[in-house]
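S.K.: Listed here are the chains, written in short residue letters.
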Amino acid sequence: MINAASSSITRIALLGAVLLVSACSTPSQPNGINDPYEQTNRQTHEFNRGVDRIVLRPTSNAYGTVVPERARNGISNFANTLNQPADVVNSLLQGRIENAGHSAFRFLVNGIFGLGGFLDPATDMGLEDRDTDFGETLYVWGVPEGVYGELPIVGPVTERHAAGKVVDLFTNPLSSVLEGPGATAQTAANVASGFGTRYTLSDTIDSILYDSADSYAQARLIYLQNRRFKLGVDSSGTDLDPFEDPYDSLPLQ
Amino acid sequence: MTHFPFSNPSRRLVLAGLGAGLLATPALALSEAAAKTLVERAVADINRVIASGKSEAAMIRDFEGIFARYGDVPTIAISALGPPARSASAAQRSAFTQAFTGYMARKYGKRFREFAGGRIEVKDTRQRSRLIEVRTLAYLPGQSPFNVTFLVSDRSGSDKFVNLLIEGVNLFQTEKVEIGAMLDRRGGNVDALIQDLRRAG
Chain A
1 MINAASSSIT RIALLGAVLL VSACSTPSQP NGINDPYEQT NRQTHEFNRG
51 VDRIVLRPTS NAYGTVVPER ARNGISNFAN TLNQPADVVN SLLQGRIENA
101 GHSAFRFLVN GIFGLGGFLD PATDMGLEDR DTDFGETLYV WGVPEGVYGE
151 LPIVGPVTER HAAGKVVDLF TNPLSSVLEG PGATAQTAAN VASGFGTRYT
201 LSDTIDSILY DSADSYAQAR LIYLQNRRFK LGVDSSGTDL DPFEDPYDSL
251 PLQ
Chain B
1 MTHFPFSNPS RRLVLAGLGA GLLATPALAL SEAAAKTLVE RAVADINRVI
51 ASGKSEAAMI RDFEGIFARY GDVPTIAISA LGPPARSASA AQRSAFTQAF
101 TGYMARKYGK RFREFAGGRI EVKDTRQRSR LIEVRTLAYL PGQSPFNVTF
151 LVSDRSGSDK FVNLLIEGVN LFQTEKVEIG AMLDRRGGNV DALIQDLRRA
201 G
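Chains as they are written, first to last, in the numbering used here: chain A, 1 to 253; chain B, 1 to 201.
Just so you know, the hints here were simulated from the structure itself, not pulled from any lab data. Hints are supplied without guarantee of correctness; some may be wrong.
[Said to hold, decoys possible] With a Cα cut of at most 35 Å, we get these calculated DSBU-like pairs of lysine-lysine:
1) A:LYS230 - A:LYS165
2) B:LYS107 - A:LYS230
3) B:LYS110 - A:LYS230
4) B:LYS107 - A:LYS165
5) B:LYS54 - B:LYS36
6) B:LYS36 - A:LYS165
7) A:LYS230 - B:LYS123
Chain A on its own, in the form it takes in the complex (with noise of 0.2 Å):
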């Protein structure tokens, strides 16, 4: 019964997707950066700024002085291993096989033999963590990338990544599985997860926001660069080639 509602979830969640980015994608371009709502994404990227220097800044600083480093980990590795079953899902949708089974044999042994994913003992065996979502999915299905964009509290997005983040919502195995107490660790763990990393990478985030003279380009391009290297998109001959020779581009003579 509850496989059976969290199926059909599911695929309402992916015709969503499929929709969403069939709608709104604009052809494939192979140049650097494709903004054309630039202005409200400025506006967003205010709103941002602010919620993160009022809520996000504070109560993860608060986090990472409070809880224990060693807890910290705990609990972003308990979150990493309860998404290691979207993660074989996605590698599967990919047609990465040796991914999906790296990541389910992941998932076992952190959850076993890892006090039930609080330790990390997967990593130390050679199965490091091979995170993946259905926005990469959409990407290795050739789905275009679509427009940037940023959005209220998730922040940087491409269309395809922002397609992929609502289905990613749905696609884990085990949010159908636990239910109550279960659920509500899981959405905790992700969260507490998230304000970890805010606080691990405090200094990064703090120059980007705070100090930078534009930050939102700083942004948008920092978040381009990653998720293109993190996909395998092939940038060169782009505004964002990463083999760019400085020489070449050099104003004078």
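Given the coordinates of chain A, work out where chain B should sit on it, guided by the hints.
M.R.: For chain B alone, kept in the frame of chain A given last:
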């Protein structure tokens, strides 16, 4: 007195040798092995500074030296400034390069502390047109290893870094955009930008 065949070379042999030397220049160009060695030396120098336990200000001075020694700073700086460098005077360009060096050392030198207790492992090297890409994995305590790529060029006359990519995030491009934004804020005034750069980072 040795009688090595070339110990008393004829004039023709010398010329032939010179010619061969000139022709062979591409073979003497930056090799992947040399690029790898450069990365290893720089990493060792950075680790030494981190382990020195000096004050932050002293470490940043050391990083500035490392940046200037291993990086092709004038090229990175002027290329990051972009077209406005064309109308700038030689004095402005040199003041900008100097301010940029200090800015980079402060901005990233502060962050090198995060590398304390970490190590960098060279994975492989690859030729990317005229650049050599040196791919490494950085291991920091309590974090999953991440990809750091060094791009090395010999177009300055010696082997130097021209860029660094961390998980795909491109240091040269991000600084180019940042410098552009700083210049816009000053309405394109290069002198004002130089003043700002001296304080930034």
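S.K.: Confirm or reject each hint.
M.R.: Hints, verified against the model:
1. Under the criterion of a C-alpha separation no larger than 35 Å, the hint pairing A:LYS230 with A:LYS165 is consistent with the structure, at around 16 Å.
2. For the suggested pair B:LYS107 and A:LYS230, the alpha carbons sit about 25 Å apart, so the restraint of at most 35 Å is met.
3. Distance restraint check for B:LYS110 and A:LYS230: the Cα-Cα separation of roughly 27 Å lies within the 35 Å cut-off, and the hinted pair is therefore satisfied.
4. At most 35 Å may separate the alpha-carbon atoms for a hinted pair to count; B:LYS107 and A:LYS165 meet this at roughly 33 Å.
5. A hinted pair counts as satisfied when its Cα atoms are at most 35 Å apart, and B:LYS54 with B:LYS36 qualifies at roughly 28 Å.
6. A threshold of 35 Å between alpha carbons decides the hint, and for B:LYS36 with A:LYS165 the separation of about 39 Å lies outside it, so the pair is violated.
7. Pair hint A:LYS230 plus B:LYS123 holds up; C-alpha atoms about 18 Å apart against a cutoff of 35 Å.
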